[in-house]
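Trainee: Listed here are the chains, written in short residue letters.
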Amino acid sequence: KAGVTQTPRYLIKTRGQQVTLSCSPISGHRSVSWYQQTPGQGLQFLFEYFSETQRNKGNFPGRFSGRQFSNSRSEMNVSTLELGDSALYLCASSGGQVTGNTIYFGEGSWLTVV
Amino acid sequence: DAKTTQPPSMDCAEGRAANLPCNHSTISGNEYVYWYRQIHSQGPQYIIHGLKNNETNEMASLIITEDRKSSTLILPHATLRDTAVYYCMSGQGAQKLVFGQGTRLTINP
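Line by line, the protein sequences are chains Y and V.
Position one of the first sequence corresponds to residue 1 (our numbering), numbered consecutively onward.
Position one of the second sequence corresponds to residue 1 (our numbering), numbered consecutively onward.
Hint data in this document are derived by calculation from the structure and do not stem from the laboratory.
It cannot be assumed that every hint is accurate.
Unchecked claim - Coverage of chain Y stretches by chain V, computed from C-beta distances (three or more under 8 Å per stretch; other residues unrestricted):
# : segment
1 : 27-36
2 : 43-50
3 : 89-95
4 : 101-109
We treat Cβ as the ideally placed atom computed from N, Cα and C, and that holds for glycine.
With the sequences and hints as input, model every part of the structure.
Mentor: Written out as structure tokens, the structure is:
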């Protein structure tokens, strides 16, 4: 069974640009959540989607947005990138019949803003 | 939200059991204890979770105290590939998934 898949794995962007990250959840999982991980702040919750609806949102500015498609795949977008947005962005899925609420992470997308 | 406390680092000899403690004294009655680990530059890997009873799977065992205020993750026969940062967390739901600083476990040959 394939795990959570994130693309791209690594990317470099310039300050002011925007970026879109993609996530394919584990088959059968309907909930997708996004996190930002930095050495200083640790793991921070961005938002969670379930059945194409945003269910919860963390404390991030409006430059961070996301969406979920009917096949449960999700994207997150960061506009007007700042140097401080450099981080590992993690997607996670949950909600399978067998796995229940256990959250499974993807390998992450390393974003560097220069 | 429930908060966890873990030692910042631990060492263990290869082949021995690694016992990683976690304090979660503010855990609520319906909150699970989850353990993840993260190897540098990779996403966190789920290890095991439990509510009240001890749990075991192919990766590890989880011992939860009767008052549920602490738990211990046991890697029965540690290998070099078990070197990672181990995170204990308690709670339910994606928005409550809070990783502390974790325990940096080093397995020594």
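Trainee: Indicate, hint by hint, whether the structure satisfies it.
Mentor: Results for each hint:
no., hint, verdict
1, 27-36, "holds (count 3)"
2, 43-50, "holds (count 3)"
3, 89-95, "holds (count 3)"
4, 101-109, "holds (count 8)"
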